[in-house]
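Turn these sequences into a full structure, and let the hints guide you.
If you want the building blocks of each chain, they are given just below.
There are 2 protein chains.
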Amino acid sequence: MKIGIIGTGLIGGSLAFSLRKSGLASEILAAHYSEEETRVVLERKIADHVVSLETICLNSELIIIAVPVNAIAMILPQVLNLISAKTVVIDVGSTKEIICNAIKHHPKRKQFVASHPIAGTENNGPNAAIDNLFEGKLNIICDAEDSSYDAVELAEKVFSSVGMNSIKMSGNEHDRHLAYVSHLSHISSFMLGLTVLDIEKDERNIFNLAGSGFESTVRLAKSSSAMWAPIFMENKANILTALNSYIGNLELIRDLINQEDIEETKTLLDKANEVRKVLDNKEKNTLIK
Amino acid sequence: MKIGIIGTGLIGGSLAFSLRKSGLASEILAAHYSEEETRVVLERKIADHVVSLETICLNSELIIIAVPVNAIAMILPQVLNLISAKTVVIDVGSTKEIICNAIKHHPKRKQFVASHPIAGTENNGPNAAIDNLFEGKLNIICDAEDSSYDAVELAEKVFSSVGMNSIKMSGNEHDRHLAYVSHLSHISSFMLGLTVLDIEKDERNIFNLAGSGFESTVRLAKSSSAMWAPIFMENKANILTALNSYIGNLELIRDLINQEDIEETKTLLDKANEVRKVLDNKEKNTLIK
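Chains as they are written, first to last, in my numbering: chain A, -10 to 278; chain B, -10 to 278.
Since the hints were made in silico from the structure, they are not lab data. All values reported here derive from a predicted model rather than from experimental measurement.
A pair counts as met if it fits within one copy or between any two copies, since identical chains are not told apart.
Think about it this way: if two alpha-carbon atoms lie no more than 35 Å apart in a straight line, the pair counts; the simulated DSBU-like pairs of lysine-lysine are:
{"#": "1", "residue 1": "126", "residue 2": "260"}
{"#": "2", "residue 1": "266", "residue 2": "126"}
{"#": "3", "residue 1": "97", "residue 2": "146"}
{"#": "4", "residue 1": "126", "residue 2": "93"}
{"#": "5", "residue 1": "157", "residue 2": "255"}
{"#": "6", "residue 1": "255", "residue 2": "93"}
{"#": "7", "residue 1": "266", "residue 2": "157"}
{"#": "8", "residue 1": "225", "residue 2": "190"}
{"#": "9", "residue 1": "225", "residue 2": "260"}
{"#": "10", "residue 1": "97", "residue 2": "126"}
{"#": "11", "residue 1": "255", "residue 2": "190"}
{"#": "12", "residue 1": "266", "residue 2": "225"}
{"#": "13", "residue 1": "225", "residue 2": "255"}
{"#": "14", "residue 1": "97", "residue 2": "34"}
{"#": "15", "residue 1": "255", "residue 2": "97"}
{"#": "16", "residue 1": "157", "residue 2": "34"}
{"#": "17", "residue 1": "-9", "residue 2": "97"}
{"#": "18", "residue 1": "34", "residue 2": "255"}
{"#": "19", "residue 1": "99", "residue 2": "126"}
{"#": "20", "residue 1": "34", "residue 2": "266"}
{"#": "21", "residue 1": "255", "residue 2": "99"}
{"#": "22", "residue 1": "-9", "residue 2": "157"}
{"#": "23", "residue 1": "126", "residue 2": "157"}
{"#": "24", "residue 1": "34", "residue 2": "146"}
{"#": "25", "residue 1": "146", "residue 2": "99"}
Structure representation (structure tokens):
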């Protein structure tokens, strides 16, 4: 199958590697972005050819859009305008409602499948693309009832060929949950990095004092601003609710520490410990009821 | 060397394994805490005997105190009262100023070395003790000028025998830095866990939607409340400063998201990205000037 990929960074590039390995991709076309990116994409054999957006639209049986979420919402209608009646388009953005709304009434809506493969690292760009990024991970297909049966079937085949299980939910539900289990983590980590850099700017050797706990908590602060700033804007309402709850909980523990209320602090930390059960169940791949 | 360990959990138990392996410990005595802990300590061969605090004080050449920081401040003066003039006492607590102040004027102050080996996991208790926890990590010795030369020399030998380099600083400086590079990370993670559990309590299957980013950020929320609540109290002033800066930065990004100011949000995330340089340098074991 001839596959066009628009956005050959961490996710698009890793998908290219996996789709080639699975045998699903017979030829991969990448959309031109910059000279530097073209060089890396060809050198790393992410794609066979780097071509224009129009060439991709006219020559691919399947198109995967893997650019930042605000760019997806802008490019997707153009892509649908250009494709033939047989081409299927999949996006892999981390927010879904604004993207789905952008083409809600497009005559070719049924040829599009809104997806979110939940996988990634804190790195970005075509050099960050890796093999096996998706193996054993979960993919979410949103508003599947707005896509044709064949398009959804192809999307499921694409993600299962790279080792993922797909589940379905509405774009609205997706955005509400991801605000808590992904977007808030990123904000928490970005701002933790910033806070520590702010305060310790004159004494950077103190980072040598940081243990593995700090590195784990601050890892996501390395993530791409070009990817994440648009996600925060596109999922604004859900993120503001999550962020306000988080700030409220931080104020609560701040006040308990200030009052030296060790018993209430312990109670609060014990409650937070319950996340262990949830994560351990997840590791066992048990769906928690 | 006959070594007594008071507190055979994650840190004390792991030290026992490593000190035995290094050959430095010829015999290890553990302080009795509970029947259950005694069973595990003997079963896992963490110690040769489980005895009373008094027996440890009268029979050890080196005593390591590895209980929660508030318990260290209480036990340490009693231990110093009981030991002979030749015994050296080391603590391994994550805060240092209150502990050092607790025995500042004790006649045997010079036999005590305040230490903080920066190593750990999110697990606790004697079952969490592991081999090689300290290999390649950093140990901090605080207020070394208040300890005798021989005591500091022995402490350095102890930590180097388990694979650690020791550096020196004041207890005050230690507590100020650790508030940022360790204690704040833990608070951030505990409260993130709590926030997500609060909101998603009726729909726990959504944790299946969480990627590795969430797990990394929330890992420390599994940590022991008995260990961390006292740390937060003992380093109250530094932690409140750090926590208020963190809350301020979270309010800043919340307001930028609310105003949909994508450019300023990107600028903020780009600044946070600088943590990458710092952590990469750390990985290379380069001391950053």
